[in-house]
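Just so you know, the sequences run in chain order A and B. Numbering follows the numbering used here, with no gaps: position 207 of the first sequence is 207. Numbering follows the numbering used here, with no gaps: position 352 of the second sequence is 352.
Since the hints were derived computationally from the structure, they do not count as laboratory data. It should be emphasised that the depicted structure is a prediction, and the values quoted were computed from it without experimental measurement. Honestly, I wouldn't trust all of these hints.
[Claimed, not checked] Derived DSBU-like pairs: lysine-lysine, alpha-carbon spacing no greater than 30 Å straight-line: (1) B/893 with A/227; (2) A/333 with B/718; (3) B/718 with A/219; (4) A/29 with B/840; (5) A/32 with B/615.
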Amino acid sequence: MVHADLKEYIGKLPSSIIQELEETCPASKMKKVAKLVHEEFENSRISPGEAVGLISAESIGEPGTQMTLNTFHFAGVAEMSVTKGLPRIIEILDARKTISTPTMEIYLHAPYNKGKDIREIAMRIKETNMESVAKDFAINVVDLKMETTLDAEKLEKLELNSKKVQKILEKALAKEANVELNGDKLEISLKGKEKDLNQLYKLKEAIKDVYVCGIKGIKQVLPVRRKEDYIIITAGSNLKKVFELDFVDSSRSTSNDIHEIKKILGIEAARQAIIDELLQVVETQGLNVDVRHLMLVADTMCISGDIKGITRYGVVSEKASVLARASFETPIKHLIEASVIGEIDYLNSVVENVMLNQPVPLGTGMVKLVSKK
Amino acid sequence: MAKKEEITEEVKEKTEELKEKEDEVLTPEEKNILKEALSRETIESTQQYITKKVKGVVFGVLSPKMIKKMSTAKIVTPELYDKEGYPVDGGLMDIRLGVIDPGLKCKTCGSKLKECIGHFGYIELARPVFHIKFVRHIYDGLRCTCRECGRILMAEDKIKKTIKEYKRIKEKEGLEALRRLTRSTISPLKSVSKCPHCKAKQEKIFLVKPLMFKEDEKKLTSIQVRARLERIPDEDSEVLGLNPKVVRPEWTVLTVLPIPPVTVRPSITLESGERSEDDLTHKLGDIVRINQRLFENINAGAPETIIEDLWDLLQYHVTTFFDNNIPQLPPARHRGGQPLKTITERISSKEGRIRHNLAGKRTNFCARTVISPDPMLGINYVGVPFIVAMKVTVPEVVNEWNMNYLKKFVQTGPKEYPGANYIVRPDGKKKKVTEETKEAMLEELQPGYKVERHLMDGDITIFNRQPSLHRMSMMCHKVKVLPYKTLRLNPVVCAPYNADFDGDEMNLHVPQTEESRAEAEILMQVQTQIVSPGYGLSVIGCLQDAISGNFILTRDLTLEREKAVELLCAVGITDFKKLPNKKTITGKEIFSMLLPDDLDFQGASKAGEPVLIEKGILKEGVMDQKTIGGEGEGLLLRSLHKQYGPDATIEILQRILRLGIEVLLQRGFTVSYSETELPPETVEEINKTLNVAEEDVQKVIQSFHDGSLETFPGRTLKETLEMKIVEVLNKARNLCGSIIKKTINKKTHISMMAESGARGNILNVVQMSACVGQQVLSGRRIEKGFSKRTLACFKQGDLSPEARGFVRSSFKKGLNPREFFFHSITGRDGLMDTALRTPKSGYLYRRLANAMQDLKVEYDGSVRDAANRIIQFSYGEDGLDVSKTESGKINIKKIIQMA
């Protein structure tokens, strides 16, 4: 498939460039162009010894000063409020376990992705509790009972009926109350010998929160059209349960919770998620940062096979050099720990050598001269 | 009795220490390092170049024996000086510990002030005390070992297995993993109730913070604790995470305290002649005093309670000597009440030894003053005032060929301009050039000497503005010595430095060796930094007036030939072959004169119109922000850079800049109040749009109140209302914008600035002449203030635009009080935002830089960290350098076109 003149460059040029050449270059010019592109590529290669880490840090840190601190962001009618800007970047790079606004973008299989039953599907994904399926909660003070009328319309949408709800309630309240079905009303009475009104009131509040159906953790759903597809944006995230649904296109749906992605899809996916999330923030802020820098950050965070934040407990604690760790934060702790196991600092990285007034092993300092005696 | 190793200034001393310690603690591996280091020392110490290199720093804990061995004096008295003011023998300022007074000689090494680096002393403690920093280790040691036999609470075979596992992890995964493993191995041992070795029953031990150990409600004295720790065999202590080669558990309970040299804690002589001692000396004084009292009391057989009290006090003083910031302890204070700065406070934090003195370096040969702009200065030049040029010097080595050249500087002396301040003899001795010594020096001067001559035009310097967030925040400029007292720079480089001229100051450094000059010139010069490594586009470009000028020139102007030639001459063009032979010459033709003859370029202007350059001639389009601007715009500049290289680009850019400014100089450029004036029919139209919008909002509010408003999915009714209102108002403002854009006189300078991107945008024009618009606070209309209303002059629950921060007036018309108030709310919010953001992003930056600073590209193209772990197999997945690409990509389209 690849053009004959391009074949020799496979392996020499990145596949993305080969593909672009294949698509855009007229066949007649191919040979010449390929040669020129290869030349250009070789000329644009990064030089050995380049301190790429610091450049990446600078390229991300510098625009950080220009970002807004405004946490929330509503872009038009059809968006959820999501943490954006600097706080989000900090959140990602800290590798926080609980993020402030987890969301998912759920893509659907055909025919649902064309908008079929999108609202119903969205409702089914959303976590539903008793409060939202019941019309009212009435307390019968005389019999010490509670009566609930269910919203039949809503139940139907959720593919439920009052019988099922009764079962769910019974299971949830097995220890505290009896649930009986009476027409379309649910009658709930307290178990145990001593009954009083206070308990009943407490029960009422408890019942409101009983989980009925949908996916746990998903607080809100919003069907949105994105380009060709109808997708569902959610507040709250639960990838595992969502992927189990048969109408969800699990190859495209994502979450913004990186730890969750790591758990469900693995470290490579998490790395990509870090890159995507960072890039998204940077772009919405109207800033310009090359992906390569974000990749490098994501790679340093994921290199150990687990997500490590850019904090003193994460990436920095993994450093081999005592002095480098000490120069970051909590120096005393690191010195003590090093002294107890007799650690040796071989001065392989930057700060230690700065401390000792020696050339750093990067860039022009990487080259060593060997002389014959 | 451990003393955390001071790894500060004296690394050399450290190696010496190592030598002494050799027999005691070093592994063969470490010995090798040492041997190598020592052998290098003898071979490589040539005259003035330091070729020694520290290969490693070993950390360990000092044993009591070691402390005594490395000490030069035993300290027994808290007194510092005798009546004559001479340091007391056996006191804390004992001259065996080093000298800090001029005139005295160190008793240990015989050297004078500044030559003697100081020597340690020690105190014999009357009773052992805990070392606060090792409390955790002591606690673990107590809980995990048997109270009877001292063995670790772990079966014999398991101990062997654990140690083997430790070794494996240490080699395979490093020390951090080992620490984690140790922690998890130890933790189950804490609850073992029966010793597997001697079957003794174990009691629970508690740590009462900060430092008291209780076993079964009985206090364990430090003597008892030390006795227990002494019983732990080496093998078992290894399981606890202590390396038996460098530390014994009992060393964490001090019996001997090392006294830091006096050079570490120099006293200051005040103007009154009174001596003021260092905080550490004060603290040590306390320790010695209490220690002596404790000794006396013990010897005199004082009652147990008194001894206990003194013992506790000694513990307190030793603890605060190490760390004066322990949560449960009151900090030791000066008489004035301010807390003492003891060892921990000296080392840690931003102002501590590590970050302030070790990782932060200070230099000589630098200057700092206010900056000001000079567009006539070359882009890679910096204007240096004479005053600075005569203080900051460049050393030049004398050789046969430059002898006379350098002698001239010495002849001129330090007081006149190009002169010299010092000469340096080959042995490193510096001599000041003065009127008197001048002649003798001229005689003396011979090859091998150095002359520190004044800074001259063309010298290499490094120019910097804080905060240095970029690599472009430090660039190499050549010197141009100029009159007056500010540093001058071409306004083109404001963007990379993020500088302006409202009082900014910048720093100038002069490299002192050939190597550093070469590196600076090749790697750091301004032209090499044109393309940002952050996004692969030009950071340097025209700004403000230069853009306006070129915009006007290429869009509107047609000049007479004479005028055109005059303009080009001012820019520095003398070859007019390319100029069309016509009477009148268009601005485009003039601009084309600056471009290389074989340049082809296709692009777009800010307005979206095509810009076409063929064979070095601007055929179509205008020059603006998008083509010649900086900071990620300036695509023409990026192509120039690609095609002709950095030096040519800087040259052309310089000319473009001057041309722009020159045009404005000839033509004049100003902004007047009347330019914001709108024609009456436009005013009418805008009023109408705003009225319609307000009516629409009223309608929406009405529908909200009578319940006919339809909610958006996933929103509450209130949210829907807010969204609708904001939508209507934004639409109205945008409409105003397009009305103004349509009717604005393109000849007004305000519109020119907005259109070319030189300064401001159309929104600013709208705000000035039509309507300021909705004030937004954290994504919503303003709702704060009183309950259910924003200001007391509105009704409760008023949702109308004017009650929620819609500013209908224009800046020109002026804001009414309510509008003014709303506008200042958002203004203040913006200020707060900046003030809060700066430290946050600064911290993020520091963390990023610290975590990634030792990543580098290896010769095989992979990215590795300091431990040689591979982070990426190929940098950025394709191995491309962002600053050599165009916005991160290779421009294949262009190559195809060129081919």
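Keeping to a limit of 30 Å between CA atoms, is the pair of residue 893 of chain B and residue 227 of chain A held or broken? With a Cα-Cα distance of about 27 Å, the restraint between residue 893 of chain B and residue 227 of chain A holds, given a limit of 30 Å.
Satisfaction of hint between residue 718 of chain B and residue 333 of chain A, Cα-Cα up to 30 Å: violated (53 Å)
Does the alpha-carbon distance linking residue 718 of chain B and residue 219 of chain A stay inside the 30 Å limit? holds (19 Å)
Straight-line Cα separation of residue 32 of chain A and residue 615 of chain B no greater than 30 Å? holds (22 Å)
30 Å limit on alpha-carbon distance, applied to hinted pair residue 29 of chain A and residue 840 of chain B: Violated: residue 29 of chain A and residue 840 of chain B sit about 52 Å apart, past 30 Å.
Of the numbered hints listed earlier, those contradicted by the structure are 2, 4.
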